[in-house]
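Colleague: Given chain B, work out where chain U should sit, using these hints.
Number of protein chains: 2
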Amino acid sequence: MAQLKNNNHHVAIMAGGIGSRFWPKSRIAKPKQFLDITQTGKSLLQITYERFAKFIPEENIYIVTSKDYVALVNEHLSQLPKDNILGEPARKNTAPCIAYISFKLQQKKPQAQLICAPADHLILQEEEFEKTCLHALQFTAKAENSFVTIGIKPTHPNTGFGYIQFVPQQNETIFKVKTFTEKPDLELAKNFVESGEFLWNGGIFIAYTHNLLSAFEKHLPDVYELFQKNETCFNTQLEANAIEKIYPQCPNLSFDYGIMEKVKDVFVLPASFDWNDLGTWNSLYEVNTKDEQQNVCLSQPIMTIDARNNIISAEKEKLVVIKGLENFIVIDTPDALMIYPKNEEQEIKTLTEELKAKKMTKYL
Amino acid sequence: MAQLKNNNHHVAIMAGGIGSRFWPKSRIAKPKQFLDITQTGKSLLQITYERFAKFIPEENIYIVTSKDYVALVNEHLSQLPKDNILGEPARKNTAPCIAYISFKLQQKKPQAQLICAPADHLILQEEEFEKTCLHALQFTAKAENSFVTIGIKPTHPNTGFGYIQFVPQQNETIFKVKTFTEKPDLELAKNFVESGEFLWNGGIFIAYTHNLLSAFEKHLPDVYELFQKNETCFNTQLEANAIEKIYPQCPNLSFDYGIMEKVKDVFVLPASFDWNDLGTWNSLYEVNTKDEQQNVCLSQPIMTIDARNNIISAEKEKLVVIKGLENFIVIDTPDALMIYPKNEEQEIKTLTEELKAKKMTKYL
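As you go down the protein sequences, you meet chains B and U in turn. The opening residue of the first sequence carries number 0 in numbering that gives the first Met the number 0; numbering runs sequentially from there. The opening residue of the second sequence carries number 0 in numbering that gives the first Met the number 0; numbering runs sequentially from there.
Keep in mind the hints are simulated off the structure, nothing from the lab. Among these hints, one or two may not hold up.
[To be verified] Beta-carbon label-pair distances, calculated as ranges:
(1) U:Asp-305 to B:Lys-81: 47 to 53 Å
(2) B:Pro-340 to U:Gln-345: 45 to 51 Å
(3) B:Lys-182 to U:Leu-123: 37 to 43 Å
[To be verified] When the alpha-carbon atoms are kept at most 25 Å apart in a straight line, the in silico DSS-like pairs for lysine-lysine are as follows:
(4) U:Lys-289 to B:Lys-357
(5) U:Lys-41 to U:Lys-24
(6) U:Lys-341 to B:Lys-357
(7) B:Lys-361 to U:Lys-315
(8) U:Lys-357 to B:Lys-289
(9) B:Lys-24 to B:Lys-322
(10) U:Lys-315 to B:Lys-355
(11) B:Lys-315 to U:Lys-81
(12) B:Lys-289 to U:Lys-322
(13) U:Lys-107 to U:Lys-152
(14) B:Lys-341 to B:Lys-322
(15) B:Lys-81 to B:Lys-4
(16) B:Lys-315 to U:Lys-315
(17) U:Lys-53 to U:Lys-175
(18) U:Lys-108 to U:Lys-81
(19) U:Lys-217 to B:Lys-322
(20) U:Lys-244 to U:Lys-81
(21) U:Lys-322 to U:Lys-244
(22) B:Lys-189 to B:Lys-341
(23) U:Lys-357 to B:Lys-322
(24) B:Lys-341 to U:Lys-341
(25) U:Lys-315 to B:Lys-357
(26) B:Lys-348 to U:Lys-175
(27) B:Lys-322 to U:Lys-355
(28) B:Lys-358 to U:Lys-315
(29) B:Lys-315 to U:Lys-29
(30) U:Lys-358 to B:Lys-322
(31) U:Lys-189 to U:Lys-175
Note that beta-carbon positions come from the ideal geometry of N, C-alpha and C, so glycine has one too.
Next up, chain B with everything else stripped away, as it sits in the complex:
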């Protein structure tokens, strides 16, 4: 869309995850968001950046990541000013992450509106995505104290997602949030989906930074104080040192749990775009083209014989021959090969924990 970008619009792309459910492709040293997992020649981070760059001023795009990944982010987004990459010295989930970027931004731009979004989701309908985000930004511009979260229309009773219950209201496009529920059991998830009053939590939310800071001050005063005490360091050469001090004292807490579930003016905007969280190998299976036997082949050459419903990936030019396998995930990397039942993929995460326990860290 050829409209002018609004200089108050900002985005913080959260890119600090380790993507352990995508092992052995995703590794601690180079997790999912830095991989070309969709076979487009671009990493998920690059794709996410470009999706926002269409309607957010590029100098207003920030990446919040682990300190360990700052160099990788630089490499993947060389056009990005180094100051726009925030390196967290510890993994403390999303609450400290949002506090950090909010404090920093508020100082520079008191009228900043902020979108927070994960780096590793798949959203192909970019125009619809832009429309949804701009809609949310316009809504918060009018209702300055509001928080808007993007809701995804559920297609099945997924037990791995968070659900948002909203208050249905005719002729509205944006709704008041009633409840948040994290990872329900299957029975509950089924009820949620059938009721029509629930959306998946897409992990994207929008608010004014001053509104975010007020919410931290009220609902997570300890976290607020930690950052506030060091306020004068932000956007100076002292910032890195201050953050090194602050983070170890922060609780490990999600923004949803610490803030969103507690504040009053929370709204959900149902997305008009298709969405896939690319959380697991199955989600990658879902979005990819299948061959006649419903196999997803993520590399070439792959020869399948009497093999069905598998997702198969190997290094470039490695030949894979598979006969008689059904519903498996076959992932081959230079130093690790995994052959795993597709319907047990949630346990892949525990695999990496087992490797850690066995001190086989070089495979993590």
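Modeller: Then chain U, alone, in the frame of chain B:
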């Protein structure tokens, strides 16, 4: 055994096969006999050489192989005089191979007794092997016109082997051969095994070279003539050129079919040793130590979870994680990964033919 070696005793180790049923580990450029397939740090060829070197004078050990593998043989058996490696310019099965070594040897040693044996079988009881071979050599020394073949007591109705029917005779250790049957169907194989009158053809046979040559002259006169015409070239610098001319004119023919099934004085000596032809992944599965779930793991580290009866091999230090797989062959090499049902392993050979047809020769 500390007895003197007999200078008339010779062996020709046949090492020209391409081992396509061991794909993707066995490749045309480096087939099975050159691999450390038994995880001993030695190739099958080296092990076979050493097994014979215990009772055959080392200068009497010959390797007949494809011209393409002469350098590899040199590398694996650096102690072997270069003249003891015979490079065949074309793959013509065993009949031309035996004719070649017999002509060459007869010229040097008119009283040569020759054992012909494959390079890639697994025989662990080396003393018993020596006893059996010496027994056969002694028998042919007495009965100069005889051919002795080593028979293996069948343990199951294998349809991939040749069977030798013998004339049972009390108080004998060596028996007259009645029939040869190549790869019977399952029904027939069962009858063979139950009858007690059949042994597997171990592919090892013993005869005087002059006797071998007489047999060629009588039963394969064309082949005999081809070699005989060039006789003066053998064991001279003209040999390689002569062989280049002879081989293309030779028929592709097995020694069993062309000679053994036709000559009169054929005997079979039942082996007193255990034998495995290492012909397929299953045969390797059989001879290897199993874990508690009956998996054979040929490399480390391998993590199996609810996985049973598999044979698994990867490169050194490559981590393999397998869950929920049963009765599979999983072979990972740097440029090819194969996951194949264990009970369909006979088709692995056709796989390599398919690769050839698809011009994917770099994986062969």
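Colleague: Give a verdict on every hint.
Modeller: Okay, the hints, checked on the actual structure:
| no. | hint | result |
| --- | --- | --- |
| 1 | U:Asp-305 to B:Lys-81: 47 to 53 Å | holds, 48 Å |
| 2 | B:Pro-340 to U:Gln-345: 45 to 51 Å | violated, 27 Å |
| 3 | B:Lys-182 to U:Leu-123: 37 to 43 Å | violated, 56 Å |
| 4 | U:Lys-289 to B:Lys-357 | holds, 22 Å |
| 5 | U:Lys-41 to U:Lys-24 | holds, 15 Å |
| 6 | U:Lys-341 to B:Lys-357 | violated, 30 Å |
| 7 | B:Lys-361 to U:Lys-315 | holds, 14 Å |
| 8 | U:Lys-357 to B:Lys-289 | holds, 22 Å |
| 9 | B:Lys-24 to B:Lys-322 | holds, 23 Å |
| 10 | U:Lys-315 to B:Lys-355 | holds, 20 Å |
| 11 | B:Lys-315 to U:Lys-81 | violated, 41 Å |
| 12 | B:Lys-289 to U:Lys-322 | holds, 23 Å |
| 13 | U:Lys-107 to U:Lys-152 | violated, 36 Å |
| 14 | B:Lys-341 to B:Lys-322 | holds, 16 Å |
| 15 | B:Lys-81 to B:Lys-4 | holds, 22 Å |
| 16 | B:Lys-315 to U:Lys-315 | holds, 20 Å |
| 17 | U:Lys-53 to U:Lys-175 | violated, 28 Å |
| 18 | U:Lys-108 to U:Lys-81 | holds, 18 Å |
| 19 | U:Lys-217 to B:Lys-322 | violated, 48 Å |
| 20 | U:Lys-244 to U:Lys-81 | holds, 21 Å |
| 21 | U:Lys-322 to U:Lys-244 | violated, 55 Å |
| 22 | B:Lys-189 to B:Lys-341 | holds, 21 Å |
| 23 | U:Lys-357 to B:Lys-322 | holds, 18 Å |
| 24 | B:Lys-341 to U:Lys-341 | holds, 21 Å |
| 25 | U:Lys-315 to B:Lys-357 | holds, 18 Å |
| 26 | B:Lys-348 to U:Lys-175 | violated, 65 Å |
| 27 | B:Lys-322 to U:Lys-355 | holds, 18 Å |
| 28 | B:Lys-358 to U:Lys-315 | holds, 18 Å |
| 29 | B:Lys-315 to U:Lys-29 | holds, 23 Å |
| 30 | U:Lys-358 to B:Lys-322 | holds, 20 Å |
| 31 | U:Lys-189 to U:Lys-175 | holds, 22 Å |
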